[in-house]
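Please arrange chain X on chain H, whose structure you already have, making use of the hints.
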Amino acid sequence: MKYYDKLIFELSKPGRIGYSLPDAFEAACPSGACRPRQATLGLAASKETAAIWREAPLDLPEVSEPDVVRHYTNLSQMNFGVDTGFYPLGSCTMKYNPKINEEIVSQFNGLHPLQPEVTVKGAREVYEFMDKALAAITGMKHFTFLPCAGAHGELTGLMLMREYHISRGDLARTKVIVPDSAHGTNPASAAVCGLDIVVVKSKENGLVDVEDLKPLLGPEIAGIMMTNPNTLGLFERDIKEIAKLVHDCGGLLYYDGANMNPLLGKVRPGDMGFDIMHLNLHKTFSTPHGGGGPGSGPVGVAERIVPFLDIPKVSGFHGNFGVILRACAYILSLGRENVKLAGPLATLSANYIKESLKDCYRLPIPTVCKHEFVFDGLAEPNGVSTLDVAKRLLDYGFHAPTIYFPLLFHQAIMIEPTETESLETLDAFIDVMRTIAREAAEDPELLHGAPHNTPIGRPDETTAARQPILKYSKIIN
Amino acid sequence: MGSFAYFPHTEEDIRVMLERIGVKSLDDLYSDVPEEFIFKGEYELPVARSEEEVRAWFKALADKNTELKVFAGAGAYDHYTPSVIPYITSRSEFLTAYTPYQCEISQGTLRYIFEWQTMICSLTGLDVANASMYDGPTAAAEAMRMCVACTRKRNTVVASSGLLPNVLATLRTYARYSGINLVETWEVQEAVAEGTLDLAGVIVPSINKYGIIESHLGLADLVHEMGGLLVEYCDPSALAVVKSPAEWGADIAVGDGQSLGIPLCYGGPYVGFMACREQWMRKLPGRIVGQTADAEGHRAFVLTLQAREQHIRREKATSNICSNESLMALWCTVYLSLMGPEGMRKVNELCYAGSHYLHDQLLATGKFSDPFEGREFLKEFALQPLCDVKKLQQALLDAGFFGALETEEGFVTFCVTERRTRDEIDSLVKVVKEAAL
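Chains as they are written, first to last, in numbering that gives the first Met the number 0: chain H, 0 to 476; chain X, 0 to 436.
Among the clues, some could well be false.
Only pairs whose alpha carbons sit at most 30 Å apart, straight line, appear in this in silico DSBU-like list of lysine-lysine [unchecked claim]:
| hint | chain 1 | residue 1 | chain 2 | residue 2 |
| --- | --- | --- | --- | --- |
| 1 | H | Lys120 | X | Lys58 |
| 2 | X | Lys23 | H | Lys140 |
| 3 | X | Lys23 | H | Lys339 |
Chain X is nowhere near these chain H residues, computed Cβ spacing over 10 Å in every case [to be verified]:
| hint | residue |
| --- | --- |
| 4 | Asp4 |
| 5 | Arg15 |
| 6 | Val62 |
| 7 | Val119 |
| 8 | Leu170 |
| 9 | Lys213 |
| 10 | Gly264 |
| 11 | Asp270 |
| 12 | Asp459 |
| 13 | Leu469 |
| 14 | Lys470 |
In short, the hints are calculated from the structure, not lab data.
We put the beta carbon where it would ideally sit given N, CA and C, even for glycine.
Bound-form chain H, shown alone (with noise of 0.2 Å):
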């Protein structure tokens, strides 16, 4: 990767567009009904008309549409994609994208969202389909594909389960259980969604304290939000007594998608009990992620939810539905028979990478692991810390790792393979993180500076929050 250090803006030169419109077609009215164009815009007669348009002036880069493609085309090649290269970011489940997802899609590009249903049915064929396949993989009823990310489908199952429990009159259950390995985003929602925290402690082997869980059960339990495989990547094997206390105390069970790729052709969470889940397309059904987005959150029920299914109205149309065609596209090159077979592949290169690696990274929790599993530092860090490691990652053409995260460990290093990756590139991996682990031992300093080799170093974060510079004229100014 090489050093691109233009923006936009340091393009422009009055004068210069990248735009081709038509001309407008004014002159030609032949009623001369339609207005002169010289009266549109803020050039209106009357100056309470003209109080409405903008008399700021509009700072937008001009520029031709070479300069546009270059200039993109460069900043593309300062980043580093599942394309590049591996992608092992723990919970984030970087799995190939396949081609023809992207191909199909702008087919369906000139469907205006509220268009009635007899011109649409082609995609709303898409939808029925969908519903009745994630429902056989997950073992839920019925899916609704308002939420637009993960967390949007935490926020929205959180809805549904306040919803059930409000249609009952059971107004007192405010609280949600989340256990202290949950991603972030768990409590955020439960917050967003007006319901207090309370946390439930994981026992040394890193599974959920059956035992912590008991007291906290009781008339005020909305429910519990549950990761399973958690954030370790260890099974929660009490799953069945948890759901059964859960329930019996009048709770419900949230089961968090984003660890749902290694249970894919396995193991069904409407099955292990759960009544509200989400998925995240963008993770195990192979969505490109895109830098940050567009996502996709399925939020999915048992029988008993479905009546309430269709009450929280949380975006503006039908969800994002592009990303959802991605989705139907990977179903259907997968079919049956190869869905069966994600989930295990998955299991088995994390747990090649883990039994690989356990001897120079510290493995807090030696148990047979699922999607992936988490690392606590260096076995011997001679002052070397998992940031030093993940940025010397860079350096040898790797994604780094989810880092300090789970915060069950000060050092965690979360490692997630994923099926399409070969063995060549998982041993590849192996030999360069055991690499990194003798030039611990021998040049510390070495990775204290990591990366060297990508087009910058590590950046002065502490500046960037202090001094915050957040757009462009901030630095004219």
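Just chain X, lined up with the frame of chain H:
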């Protein structure tokens, strides 16, 4: 094994890997899952399709849809997409990247977000913008929550009944679960002036659901006097020519970036935007990119002000947004780069000319009256039908047009963008003229 294109594992690979792990089979990797939860049935899914079959499946579905000449808006506008945009946004370095957590190999993403933030600030006139929201309606809902967070303990938000129906519906949803007292009214100034509300904020549209460009003269002062924040919901394309939120004195601007060249695509993905005055910067939800430098002085961009975000604040978070709509923000950024100030002005002029032409031609058919005579509009307008609306809509559909959306109050709206040609407008008018309605 080895029979599916996305899985690289050969039988031999699997054997080697299982051996390293020390288990005998893939099933053994699930020994920690209680036996009863292992799914042993057959998934009710179709069998795997080849690539050609997948292609054909979607082609068949696409053929079941009817592509219409769009003369409707209501929050989704049929503007032209320059060819450059999908070309750039489908570059895999942008498309297949995650959120830019490792900034040293994500400068591409971080730089375009910085450019997007700058452009949103230009359009709105405000000081700070975030990296994006899901869509316009959710951005409005987040702005409502932000008003409450900024004014502490105050809990009433007044929303204009002139906001788009899907914006109001989303506001109602978020208000219901957040315990916010949402007051919907056409008489915003009057409701605020009464002074009886514990006012956190006021949300008004820049252009209302009838397409009328609203005047908010004096509103900001009034809202501020009552201790609240003013939020303006805007169409970013129109902001090139209509008075900006900053010019009206607004504290927060939100809206949907769809009008910046994003295809209709049956409602998504679109992208929400959100900007505010510097004073409220630390309450702004979502991600924000800032400029800094590396040790060698290279200009560098990073995610910043993250102390506001859920992965640190967890249960104290005022927003839970994590993934947003980054790639669609890139879409709009490339669009605005190509259009520049002149292109944006020209698009609006074309919309204005086309919509006024249609407006006057429709009135001339005698089948409508103008309930808002003298009020300025840009590309969308509402008429009072003097005919049967259902028949009107059907006649348009039969002729391949989508227009005459019926509002709650019984008006019909039409929208004309720069994509609509004079011939298309003339044939729509002909249909209206000739149909027995």
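Status of Arg15 (chain H), Cβ more than 10 Å from any chain X Cβ | 7 Å, violated
Taking C-beta pairs only, is Asp4 (chain H) more than 10 Å away from all of chain X?
-> 6 Å, violated
Just checking, Gly264 (chain H) versus chain X, shortest CB gap more than 10 Å?
-> 7 Å, violated
Compute the least Cβ-Cβ separation between Asp270 (chain H) and chain X, then decide whether it is above 10 Å.
-> 6 Å, violated
Is the Cα-Cα distance between Lys120 (chain H) and Lys58 (chain X) 30 Å or less?
-> This hinted pair holds, its Cα atoms lying about 13 Å apart.
Does Lys339 (chain H) lie within 30 Å of Lys23 (chain X) when you go C-alpha to C-alpha?
-> Status holds; Cα separation ~18 Å.
Nearest-CB test (10 Å) between chain X and Val119 (chain H) = It is violated; Val119 (chain H) is separated from chain X by about 5 Å at its closest Cβ, not greater than 10 Å.
For Leu170 (chain H), is the shortest beta carbon distance to chain X beyond 10 Å?
-> Check passes; 13 Å lies beyond 10 Å.
Does Lys470 (chain H) really sit off the interface, with its C-beta more than 10 Å from all C-beta atoms of chain X?
-> Given that some Cβ of chain X is not farther than 10 Å from that of Lys470 (chain H), nearest at about 4 Å, it is violated.
Would the least Cβ to Cβ distance between Lys213 (chain H) and chain X come out above 10 Å?
-> Its Cβ never comes within 10 Å of chain X, the nearest being 20 Å, so this holds.
For Val62 (chain H), is the shortest beta carbon distance to chain X beyond 10 Å?
-> 6 Å, violated
Looking at Leu469 (chain H) again, its CB stays over 10 Å from all of chain X?
-> 5 Å, violated
Violated hints, listed in ascending order, are 2, 4, 5, 6, 7, 10, 11, 12, 13 and 14; each of the other numbered hints is respected by the structure.
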